[in-house]
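Using the sequences and the hints, build the whole thing.
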Amino acid sequence: MRTLFKTGYRQDLRIWRHPGDILWYGLLGLVLLALPRLLGEFYIGELGAVYIFAIAGVGLMLLTGYTGLVNLGHAAFLGIGAYTNAVLLTAGWPYLLTLPASALLAAIAGVAIGIPTLRMSGLYLAIATLAFGQIVASVLEKWDSVTHGFNGLPVPIPEIFGFPIQGATGVYYTALVLLVAVLWIAANILRTPFGRALVAIRDSEVSARSMGINVALYKTIAFAVAAAMTGLAGALFAQYVNFLAPDSFDVLLSVQFLTIVFVGGIGSLQGVIYGALFVRLLPQGIALVRDDLPGHIGHLPGLEPSLFGLFLVLTILFQPTGIYGGWLRAKAWFQDFPLHRASGFRRQRTYARSERT
Amino acid sequence: MTDALRLLELIVNGAAGGCIYGLIALGFVLIYKATEVINFAQGDVMMLGGFAAFSFITWLGLNYWVGAALAVLTTAAFGYLLDVIVIRRVIGQPQFAVVMLTLGLGFIFRAVAGIAWGYDSVGYDTPFTNHTIKFGNFVLGYDSLSIIGGTVLLCAVLYLFFSRTRLGVAMQAASQNQLAAYYMGIPVRTIFSLIWAISAGVSGVAAILLTPVSMVDVNMGFLGIKAFAAAVLGGFGSIPGALVGGVVIGIAEQLAGFYLPAGFQDVTANVVLLATLILMPHGLFSQRIVKRV
Chain A
1 MRTLFKTGYR
11 QDLRIWRHPG
21 DILWYGLLGL
31 VLLALPRLLG
41 EFYIGELGAV
51 YIFAIAGVGL
61 MLLTGYTGLV
71 NLGHAAFLGI
81 GAYTNAVLLT
91 AGWPYLLTLP
101 ASALLAAIAG
111 VAIGIPTLRM
121 SGLYLAIATL
131 AFGQIVASVL
141 EKWDSVTHGF
151 NGLPVPIPEI
161 FGFPIQGATG
171 VYYTALVLLV
181 AVLWIAANIL
191 RTPFGRALVA
201 IRDSEVSARS
211 MGINVALYKT
221 IAFAVAAAMT
231 GLAGALFAQY
241 VNFLAPDSFD
251 VLLSVQFLTI
261 VFVGGIGSLQ
271 GVIYGALFVR
281 LLPQGIALVR
291 DDLPGHIGHL
301 PGLEPSLFGL
311 FLVLTILFQP
321 TGIYGGWLRA
331 KAWFQDFPLH
341 RASGFRRQRT
351 YARSERT
Chain B
1001 MTDALRLLEL
1011 IVNGAAGGCI
1021 YGLIALGFVL
1031 IYKATEVINF
1041 AQGDVMMLGG
1051 FAAFSFITWL
1061 GLNYWVGAAL
1071 AVLTTAAFGY
1081 LLDVIVIRRV
1091 IGQPQFAVVM
1101 LTLGLGFIFR
1111 AVAGIAWGYD
1121 SVGYDTPFTN
1131 HTIKFGNFVL
1141 GYDSLSIIGG
1151 TVLLCAVLYL
1161 FFSRTRLGVA
1171 MQAASQNQLA
1181 AYYMGIPVRT
1191 IFSLIWAISA
1201 GVSGVAAILL
1211 TPVSMVDVNM
1221 GFLGIKAFAA
1231 AVLGGFGSIP
1241 GALVGGVVIG
1251 IAEQLAGFYL
1261 PAGFQDVTAN
1271 VVLLATLILM
1281 PHGLFSQRIV
1291 KRV
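Protein chains in written order, with our numbering: chain A, 1 to 357; chain B, 1001 to 1293.
Treat the hints loosely; a few may be bogus.
Unchecked claim - In silico contact screen, one side only, chain A against chain B (beta carbon under 8 Å); selected entries: (1) L123; (2) L130; (3) S138; (4) L303; (5) F308; (6) L310; (7) V313; (8) L328; (9) A330.
As the list claims (entries may be wrong) - Here are some chain B residues the structure puts well away from chain A; computed CB gaps all over 10 Å: (10) N1063; (11) P1094; (12) F1107; (13) G1150; (14) I1191; (15) L1255; (16) Y1259; (17) V1267; (18) N1270.
Rather than coming from a laboratory, the hints here were simulated on the basis of the structure.
Since the structure is predicted, the reported quantities are computational estimates derived from the model, not experimental observations.
From the three backbone atoms N, C-alpha and C, an ideal C-beta is built for every residue, glycine too.
Next comes the structure, spelled out in structure tokens:
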């Protein structure tokens, strides 16, 4: 068991808590780089999708997990990023320009929904973002001249310095690099005054404002950053699916992103990775056991969304800190093995949360 | 047919559709006023009510009125149990926990309904199907009239209940100030569960009124999203506001479908919703109070 003695405030700001972190994350990085040589095409493709969802999840985690703004229209940003990438690539732009362009356009959309919703509290915001997501989905469906509607839009294969980025391996490496970059950006945001301000806004908007935090500005920036990250994920998503159809960016996808945040563990960047693994691997797990299930259970069309719903409900009722919280708990149990106390992680109840008086 | 008649017909049909939105929105508002929770599964509760009515009337072969009454009671009981078993556990958790919880419940309800009743649309005969009244050139369907009439009747009953009965006044008290209601000896928890029951029952009525116009199917819960627009337009704390908002949305949708290019009808409710939130966040019948620190 390692005990950290903090001797200065700088220690609190470090990304790596201790040298062991660098060792373990470095080893993990090497393994991930080597994986395409070890695993088959199918698994690499699935892992690439996990990374893409994790990038979007990091954006939503900043917004929902750290700033406390629920977004039920997150799939809209992914859709905007995906279509921007596909349309610009078709127009002949280089990949290194379409990626930032996708992020930028999504960020503009984020500001566009962020500014009018500044004064809204939790529930109103949830409804407004839900409506925003539906409007974007309708636009993607009906704006035939750009998105080709339900005929779909094929995504060209991009090149970086003459190397074509194609197949599962190409998407895997691009997504891995961008995921690391996004995680690094998010970790750095969280240790700056900006990140601290976001957490303050989440915990109490009134007290944040009275501490001199410009709530409106920070909320808007949070929306822009989250949308930009998700737009980037959208660009990669376009590469991953190769063929865009407007109905893939619906409410169910937004709920999947929120599942990443909630099941992974709200308010932790590690949780995003666990959540993304859960959301992407659950359908695969269902596919594996589908034929072994008794009767017709495995072939019911509503099985997958209902399992997402069920896990969401069970997480909120019984494990509100998500997978990451469970991991912390398990670690603590082993660390103080004979002296473990159940009350260490008891859920706190708050009764006074009201928006009225 | 002249333009004026055409317009009148659009308005009557819109008002009928809007009454359904209004009734679902009424469900949101009742729960929101009492517990500051929004039930994102309200539309799916309505869907369950529709299927309950279908089972009683078609499978058990009951009379339409008996089957409808039983379906409303079943849905109300379901709402009561939903609060007692699930929702009550998350009181005191952050609000988005409840949002996610009810969203998740909605997905589960949809899947359960798909397993129990299948994914095909179903319908049953009502006394209002395929009957019309003619005033000269102007044709009105019994179905639209029954929706409007049923909504007005239900609202009158609810109004009398909330203003004239002991239980209704107790509910108002619990909505206004929980703590004071506790001190007066009102069983606030039970009252909240009963409000969930009324809200579910109202959406059950909405499902039954809707049946002559559109079939019952698993995805009819998505009407709930449009009902948000009605509730927000009405100010989210106001019961008459929810109904007026619903009627406005319904008429706006019909007019958009007729006068604007295809595709605008689907987004009308959402555009009205966003516009209301941006321009007039307190809605038409404001009931919101700014939080005091």
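The hints, checked one at a time:
no.	hint	verdict
1	L123	5 Å, holds
2	L130	7 Å, holds
3	S138	5 Å, holds
4	L303	7 Å, holds
5	F308	6 Å, holds
6	L310	6 Å, holds
7	V313	4 Å, holds
8	L328	19 Å, violated
9	A330	23 Å, violated
10	N1063	32 Å, holds
11	P1094	7 Å, violated
12	F1107	3 Å, violated
13	G1150	27 Å, holds
14	I1191	17 Å, holds
15	L1255	18 Å, holds
16	Y1259	17 Å, holds
17	V1267	5 Å, violated
18	N1270	4 Å, violated
Hint compliance for this structure: hints 8, 9, 11, 12, 17 and 18 are not met, and every other hint is.
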